[in-house]
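Residue numbers (the numbering used here), protein chains in the order written: chain C, 25 to 412; chain L, 1050 to 1174.
Because the hints were derived from the structure by calculation, they are not lab data.
Nothing here was measured: the structure is a model prediction, and the numbers come from that model.
Glycine included, C-beta positions come from ideal geometry on N, C-alpha and C.
Be careful, since some hints might not be right.
[Claimed, not checked] What follows is a list of derived Cβ distance ranges for each label pair:
no.: 1; chain 1: C; residue 1: 283; chain 2: L; residue 2: 1120; range: 50 to 56 Å
no.: 2; chain 1: C; residue 1: 120; chain 2: L; residue 2: 1166; range: 21 to 27 Å
no.: 3; chain 1: C; residue 1: 251; chain 2: L; residue 2: 1140; range: 17 to 23 Å
So you can see what is in the structure, the chains are spelled out below.
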Amino acid sequence: MNMNAETVRKLALVVGVVFLASACEKPPEPGDPLPGLTSEQLRKFEQGREVFNRVFTQETGLGPLFNADSCVECHEDPVVGGSGDEVELHATRLDENGFCDPLIESGGPVFQLEVTALLNDALDIDSEPVPDNADRARRTTPDIFGFGLLDAVPDATLLDLADPNDADGDGISGRVGRDFSGRIGRFGRKALVATLQEFNEGAFQIEQGVTTPNVAEEGTVGDQPIPDGVDPLPEPEIDADSVRLVDAFVRFLAPPAPLELSSAGRHGRRIFSDIGCAACHVPSLRTGANEVAALAYKEVQAYTDLLLHDMGSELADICLGPAATRSEFRTEPLMGLRLSQVFLHDGRADSIEAAIIAHGGEGAASREAFLKLAPEERDALLAFLRSL
Amino acid sequence: MSEVFRLAQAFILASAFFVCATTADGNVPVAMSAAQPASSVTHTLTGTIRRAHEDGIEVINGVQLALKLTYITVDADTEIHREDESISLRELRVGELVTVTYHTTERGKMATHITVQPSPASRGT
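Please take these sequences and the hints and turn them into a complete structure.
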């Protein structure tokens, strides 16, 4: 088939327009949906955001124990889905068998800091009591940008990255987290949660005291059942459709696009690898097959390996689940780091620099290397991190 | 026509029974027959042993940090296996990962089989 010059020119024009249009596609801002969603997925994203913003009262399912009256009360900064300034309380106990007891009968491992007026009237308490001999930990609210992509990374990738016995001798020995059913965990500061769907659904009950079809029990207050009359709504207090919509909202939240790097930032990116940060904060993971095309086979600049690492006594607090010891934490994703106000799992660091200096255990060598950097190199590294 | 009505009625009743059985305690029924009583519905549960007792084990599983503690009763008919070997209740250890098949009786959740799963450490992770 021969094409004349006019046809070739027209084809070139079409290709050029398509290329320019894709090149000019605006990178996602914080709170934006993933690029490439279908109109139906975008509709669910918007509807899910409405449920995410829904404020519950004790008459509509809140409590009787809770940390927040809506998802957005915590995930709010700088936009819906971001981090928050709330700090919650987790507690467990390492028992005489070396087993990490999550204190389920006492309401653990999350001990809610608020109660409804009805529960306060019934028991005269302002928060859920914690057993005296429990280990306690503070937990800040992370942003949840890009979590759908993290969920879409295959388990096999985590297993490939794991090096539990430090076979390669680099001083880094990440291992996969596990939930109580033996599945590979990836969400939560101790990698106890296997799937984003469970991360989202469980949060209704844990954070808001709102029971769902799959988490239909309120739990206990100080080893005792919830008193009669303080939980007026029958379980479940939210329907499966609403849970699915919130899941869609969180799943389809895009990771904020990194800012364009200055030359110092580009130098800082090299330093990030040179001093070993990238051994755990792995710059890029690739998602696998997924029924949502926008989540399938994508590179996500997550800066995490989703594995547990021993961070030493400097950061240790509680054990959690069958895998994580007191000093083990899952590598925190750094996507959206520039939007955070406080750092580390308990918010003890008020700057990125303070967070790096607080690293111990497997992160100690990188911390020492950071401290030995020349001031301009340290600034370059921080410039890179502030671009994420 | 009345035959069709009876068939439809039977189908609806059977469907309702199945839905109730599925959602009764959040675990998965793996075998059932509409002709059998509800207690013969078999469920499976995979979780971690928190404590072992004279007549059973406490098993933890759950959704996210909304964890659930389930007491599983064991009797002489319960088959317990670790690595294809038959073991006794006393040999089960705190922290082991188990898959339990059970049905509900007047004594609670009665295990028919308990299988100890390989530990993550033995899988090299």
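A quick look at each hint next to the structure:
| no. | hint | in the structure |
| --- | --- | --- |
| 1 | C:283 to L:1120: 50 to 56 Å | holds (54 Å) |
| 2 | C:120 to L:1166: 21 to 27 Å | holds (24 Å) |
| 3 | C:251 to L:1140: 17 to 23 Å | violated (41 Å) |
Hint violations for this structure: number 3 only, all remaining hints satisfied.
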